[in-house]
Structures are given as structure tokens and as C-alpha cells.
Amino acid sequence: RIHRPMRFFLFAFVISVTLGLDAQNMTIYRSSRSVDETVNRIVEIIKNKKLAYFETVEHDKVALEYGVDIPPTRMILFEDPNLMIELISCRQTTALDLPMKILVWEENE
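Residue numbering for the sequence shown follows my numbering, starting at 1309 and increasing by one per position.
Heads up, none of these hints are tricks.
The calculated PhoX-like cross-link candidates involving lysine-lysine, where the alpha carbons are at most 20 Å apart (straight line), are:
| # | residue 1 | residue 2 |
| --- | --- | --- |
| 1 | Lys1369 | Lys1409 |
| 2 | Lys1358 | Lys1409 |
| 3 | Lys1409 | Lys1355 |
| 4 | Lys1357 | Lys1409 |
Computed Cβ-Cβ distance ranges for the label pairs, DEER-style:
| # | residue 1 | residue 2 | range |
| --- | --- | --- | --- |
| 5 | Glu1394 | Arg1349 | 25 to 31 Å |
| 6 | Asn1348 | Val1376 | 22 to 28 Å |
| 7 | Ser1342 | Gly1375 | 20 to 26 Å |
Treat the hints as calculated values from the structure; they're not laboratory data.
These numbers were taken from a predicted model, which means no experiment stands behind them.
Glycine residues also receive a C-beta, built at the ideal position from the N, C-alpha and C atoms.
Please model the complete structure; the sequences and the hints are all you need to start from.
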């Protein structure tokens, strides 16, 4: 691609702990950093807060392996062990909504 429209880097906290409700909380923030920089900063914060960091799924890189070029799209998987224990102790099916996720993507505007 030679010319690209102005891009905004966004990330969304997608935490859908439903406790039996079909609801999803999503808050979207704009970042002035690149997707990689944003992901690195969020992972650093997760680790500094002593939360359990599992992995970052790089959806755009997986798509590229299948010959499809999509904008940078990353999913950070993490968990607050204390919250997880509390939620699962109340209702084990809550585990279906875990781990918590943060989606970071690049959006053309």
C-alpha cells in the first residue's frame, strides 16, 4: 500500500464477566502509540500489577500465514488470580468468560 488514510490506534478492554448475564463491557481508548508499542506498554502494566499474563495473540500475523493481509490486531490475554478465584467460586461457568482480554487494533479513518 502506498497511501494509507490517517490511522488511529485503539484498544478496548473487553472484559465479559457475565455471572449468568449475556452482557459485555467494552471501553475503547485511543492511543497515540503504534499497536506494538501499545501492546508492550499494556503487557508491562499487567506484569507490574502482578496479574497473570498469558500471551498476546497476533491475529494479523496468523491471517498473513493464510495469505490475508489485515490491519494489526492483537489480543492480550491476562487474569487477576484473586478475581478469578472469587468469580469461579461463585459460579464455575464464569470460567467460560476468562481469561480477561484487551484488544489492540489499528483502525483506518
